[in-house]
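K.L.:
Whenever a hint applies, use it, and build me the whole structure from the sequences.
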Amino acid sequence: MTINNATNSNVSYTGLVEKYIGTAYDTVKVVADNIANVALVGSNIDDILAVADIPGIENIEQLANDAIAAAAEADISATSANAAADSMNAIHLGGFLVSPIVDNNGNPLVAGTTYTDLNIDPVGMKQWNGTTWLITYSTSAFIKNISDTPPVGPTPGTQWTDSTTMKDYTFYDDGDSQQWIRVN
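The sequence shown begins at 1 in this note's numbering and counts up by one.
The set of hints was computed from the structure by calculation and includes no laboratory data.
By construction, the Cβ of each residue, glycine as well, lies at the ideal position given by its N, Cα and C atoms.
Not one of these hints is a red herring.
If you anchor each label on the Cβ, the simulated ranges turn out as follows:
1) THR136 <-> ASP176: 21 to 27 Å
2) ASN105 <-> ILE135: 20 to 26 Å
3) ASN82 <-> ASN59: 32 to 38 Å
4) GLU73 <-> ILE35: 54 to 60 Å
5) ASN59 <-> ASP86: 37 to 43 Å
P.N.:
Spelled out as structure tokens, the structure:
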């Protein structure tokens, strides 16, 4: 069977068809020869999308805004903590060998300010009344001994519970004498 070459206006349709068929064939052949590579590109895109975590990237602006807000809150908390520490430093000054004349911030003392006097034996706390430092308590006032016999060398305010009778005593000094006073 022969193909008749039809011509119209001196144009060969056979040549035109062959040109387009050849171009399509060549394109299909290139794709067919490289189909493994085409499939690999598709697989690589899936892997890249899985690693890239696109939804996470889409939320990056919100995450950044959240971090900025958290940093601002931390700054407010730090400022608040510093203010509380400054306030505490103005109320209780800590331990001193010499009575302080200003608070830890260098400000004048206010009534109610306390410090631990390390020169008192036993160590005691003093409170500023606006004019002078007053002894508020000594640490011995909070020592409670439980034994069959009274503790040796007590200081005024020391507490003792007789373990045989379960009676409570406080060591007392009235300036003329020292003795254990029963409190219950």
